[in-house]
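Visitor: Chain by chain, the residues:
6 protein chains.
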Amino acid sequence: MPIVVTNIARAERDATDALSKYGAATVHEAQGRTGLMNPRLRPIYRGPAISGTAVTVTAPPGDNWMIHVAAEHCREGDIMVVSPISHSVSGYFGDMLGALLKARGVRGLIIDAGCRDVDELQEMGFPVWSRAICAHGTVKESLGDVNIAISCGGIVVNPGDAIVADNDGVVVVPRLDVGRVAEASRAREERETMIRKRYSSGELGLDINNMRPRLAEKGLVYVDQADRDKN
Amino acid sequence: MPIVVTNIARAERDATDALSKYGAATVHEAQGRTGLMNPRLRPIYRGPAISGTAVTVTAPPGDNWMIHVAAEHCREGDIMVVSPISHSVSGYFGDMLGALLKARGVRGLIIDAGCRDVDELQEMGFPVWSRAICAHGTVKESLGDVNIAISCGGIVVNPGDAIVADNDGVVVVPRLDVGRVAEASRAREERETMIRKRYSSGELGLDINNMRPRLAEKGLVYVDQADRDKN
Amino acid sequence: MPIVVTNIARAERDATDALSKYGAATVHEAQGRTGLMNPRLRPIYRGPAISGTAVTVTAPPGDNWMIHVAAEHCREGDIMVVSPISHSVSGYFGDMLGALLKARGVRGLIIDAGCRDVDELQEMGFPVWSRAICAHGTVKESLGDVNIAISCGGIVVNPGDAIVADNDGVVVVPRLDVGRVAEASRAREERETMIRKRYSSGELGLDINNMRPRLAEKGLVYVDQADRDKN
Amino acid sequence: MPIVVTNIARAERDATDALSKYGAATVHEAQGRTGLMNPRLRPIYRGPAISGTAVTVTAPPGDNWMIHVAAEHCREGDIMVVSPISHSVSGYFGDMLGALLKARGVRGLIIDAGCRDVDELQEMGFPVWSRAICAHGTVKESLGDVNIAISCGGIVVNPGDAIVADNDGVVVVPRLDVGRVAEASRAREERETMIRKRYSSGELGLDINNMRPRLAEKGLVYVDQADRDKN
Amino acid sequence: MPIVVTNIARAERDATDALSKYGAATVHEAQGRTGLMNPRLRPIYRGPAISGTAVTVTAPPGDNWMIHVAAEHCREGDIMVVSPISHSVSGYFGDMLGALLKARGVRGLIIDAGCRDVDELQEMGFPVWSRAICAHGTVKESLGDVNIAISCGGIVVNPGDAIVADNDGVVVVPRLDVGRVAEASRAREERETMIRKRYSSGELGLDINNMRPRLAEKGLVYVDQADRDKN
Amino acid sequence: MPIVVTNIARAERDATDALSKYGAATVHEAQGRTGLMNPRLRPIYRGPAISGTAVTVTAPPGDNWMIHVAAEHCREGDIMVVSPISHSVSGYFGDMLGALLKARGVRGLIIDAGCRDVDELQEMGFPVWSRAICAHGTVKESLGDVNIAISCGGIVVNPGDAIVADNDGVVVVPRLDVGRVAEASRAREERETMIRKRYSSGELGLDINNMRPRLAEKGLVYVDQADRDKN
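Residue numbers (the numbering used here), protein chains in the order written: chain X, 1 to 231; chain C, 1 to 231; chain P, 1 to 231; chain S, 1 to 231; chain U, 1 to 231; chain H, 1 to 231.
Just so you know, not all the hints are guaranteed correct.
[To be verified] SDA-like cross-link-like pairs, simulated, lysine to any residue; straight-line CA separation at most 20 Å: (1) H:LYS102 with S:LYS230; (2) X:LYS21 with X:ARG180; (3) P:LYS21 with P:ASP177; (4) C:LYS197 with P:GLU141; (5) P:LYS230 with X:ILE148; (6) S:LYS140 with U:LEU176; (7) U:LYS140 with P:GLU141; (8) X:LYS21 with X:ARG188; (9) U:LYS21 with U:ARG196; (10) S:LYS230 with H:ILE148.
Hints are computed from structural coordinates only; laboratory data are not their basis.
Working from the sequences, and respecting the hints, build out all of it.
Guide: What follows is the structure, given as structure tokens:
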């Protein structure tokens, strides 16, 4: 039953590319606080944000064979997303596969397992988000799947979905939502730029967003320290 | 019962400010190896040490409303200390609130939960110690408290306590102890500078501190590898 | 029964020194995917690879006395390897001991516990791999052992074994295997350099390693997305 | 965009019900070692295996409102599967909701978050697999989804999939595979019963499965301790 | 500066004793979802709920001396609450101390560290909530404090506060709030008994609590699976 | 280089068998607080203590082949001790292998990885201490070693060492120390029985062990709550 799905549909290119401008936090908010992978997935080095279209891979624990299989089905603008079918921190990915994917135009790797050769990958500018940095080598014995729906970092990823990843984390945007979400992200950023300016000048969120009446209604009480000490 | 305590007493300013010179490890030792928060609290970027006076905040899991409330009660030289009342790694804090706190003279944030917008916060020079970097957004629905005694990183923090935080961790100094602890830190650093010089010249701690007799008394035995191999 | 073994045999110097050129991942592969410590051991700062000969230390939880004892038995080219006999993240090691070990020619520290003074250690160029950065001070009350077989990071380390550590992790090479492993590492690196070149030009692992027949034999099936959608 | 999908198709009843006879380990093996949730999901008490059809729920961190919404769409033979969209261990579920689901014929709950009232749930015989036992209450403020594809315990669960859960863990069987997998499970169990008999009489796996030639080919070497000590 | 505070005020006895009837989840809800310790604290065996008044202890990592000191200041109806000043899972407590505390009328132990002799403690009926079961012995070398405000399980505990602990977790009730919280717990339980009855008869929370209008207002949409498949 | 060492020397039988009477905590104390495995290793069910002689196994992550190889070299009174060479929680062991080992007189399994079929193993009375209960199946593709020194649960285990395991944890006693340690355990238990009697009658450790002078010398101060409140 292991399967490789070829010629997948991908999220619209321009909207996908735009996501990297907004970053993971904004995109995640813009699509209703969904799609953010678990924070155990961290960049192996701090670099710029990336966005691209997902090629999905499942792999047995400690076995990276399917990454080789999936590489053939990647193209310019893709991001490979790999999830072991059972918990593993082995080093599925290193500079060899980094060189291979980079040559094929892949923009980065998201892997819910281990990564190694972190210096070499940083040097060649191939970014990886992983749950561990671990040199333990993997075997090539058992099959998995390419381009089916997978669970990575606690989030369902479908092949062709848009991915945006930066130093705040990794967000998945469903393939057909990418245009709408890119637009909502742009709008949110615009709004935030204005508010940030007011915050920077010392204005309070309490006033900007008129929070005081609702706080009072919920029962918030203010007490002066001096009065408190008397009791 | 949610409460905001206003006009809290704060640790003496000069002594508090001096703590950043000594750093978390020295201050923690100087007050008898107490007050160090759990090492799960890590700086979101490596920067210089800070010290300041605590404004304390408790917040429901996944709800950052009280940070807005607390911001109004911060002033120049404060450090905000936030603890969720139940485990949460959501991203309570980002560049918007960073801009707000920075504008009010707050020197940094200690939060036993998640933080986001780490690049922007680094760029604006607003340091944060958090248990996770996580972009997941929070709601503004339920109340907590400001400026009561809280537990953060496994340590009791009272409002107005002094905080010192650097790349080794975060230490809390009780408000009224700050003068004594700053002085003890200074003395300890002086002593360490002398010993470090002797260490750097190759002298052993065994000799500097005359440890050999007590080691022998405790029963430590030396065996030459060659003799061991014979048996 | 606490014991210090003196005058231990050490892995051959030239081969040991050569290991740092190949790095943890390659050395670990070259000796049959063994000897890699658990990835919880991370460098306190990103620096160059080191290799050297192990001086081993066991210590009670929260007690760093034996590091002082062990220091006397270190010499140029050693790496100290410390493991608490029970789980501890206390800060066993800081800039004072760093100065001492550096003065004695020790190249670094591997410790399955906490480390502190990370800025000072980075400044002086003394690298440490630890399971935590934690400032909590330790006592000097109870004994452990020096230069017996220990378990560190899930791996057995014998005194005099070769250690190689870099940003991918820490690998132990048994004392008498170091020549053979250094040579195997060299050969592996040579082979990888050639393959990396082919990968970099876009050639697939599937083709370079002729994986397709074995994938087919294992039952891998390719399906076009369009055909899949029809069903 | 929050959505409740009604009238979902469900896995065939008889095959689904049969899965509980085989248990999680056997079913997982029978479908090619896939579908097993992360072992962080543990039963709140040790009880018999269950199987049923999935009603899927996503919920914001610390917010259990959608469980109430989903309850309406459960029917006899279902198992509710709940996953927060961001890490949370709050107590989403207790004896009140247990009473409600039990009344509707639901056979159990799988939740990648916290559960409470474990004594009461055990007493009423409503089994739960959760990642934590935690009493922290949740709010009812934000929406999620019911009966869309979710990620729970690291596995994609589609509404209507078959679930089997016992003291070894939780396994998901895709809706349309349940007949085939039930049959494969039966066959596997039959085979295992025979082999177990041979094992119980002291026969070795090495002999039953003729492993010796392949071990030799891989290079396994046998050495007598006495010979080893001589060197 | 280590200090033992004697003759502490304790929460009112009858109200404190009543809390065990309601259990941790109900008491926690009744005081506004506060006071629940982190779920890492688990009972070493499943037994009945207890409640009592807190005698608080801080202890150095791996050092249980202060438990002996604190024992003298316990009396009938107390619960000892112990927190190491730095992370430790050593076995601070076993059957010897269990026998001692039981003889003094102490009802149980809450410890944010390790416990051992779990069979013997279960046999003698002395309940413990701990973060680990660990046999590693502790020393008696360094001081801590008795009956000051401590942080245990992420919650501030003041001496004399009421504690309630059961198989759902551990809750702290501030000393002066215990009467009010006991009454609120009773009221909550009464209310829940009624609702549980309605749930048990199959009535939905959606209807009992009239949730439908607010769900609609928040934007929840219902879609039939059949309609969804058409698109 | 994978190796199976045959005809290993084993710890003396009678002393080894006696260890189970004393249990893990006592044996660990009796040998100077060493040899206790990490508390992540827990029994899959609560049963009686066992002791026996170690047959050691290393295995690749997710590969249980070597357990079959090792089974041939077990005999009546052994305990199998298995450690993956890299982190893995896969289910290396289940009721099939349990039946095999039981038939060969093996008393139990210690495994620093996952175990499955926990109900069946409990039913047949074959005890296992593991780091996880996980049904994920393993492959039989790569070699490891049998009866070499391994690291399991953070402790070095040599083939033929004595093992004692109970509900408090797992302790390793070096092969040649077992007689001495059994005797020291007996003596300790005798002593503890006497002290426990005094504790049970309410006598304090402070008095039995004359701790008060040393506490005073260390600087412990007693303050009455009433005096404290005055200040």
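Visitor: Run the structure past the numbered hints and jot down the numbers of the failing ones, going up.
Guide: 1, 4, 6
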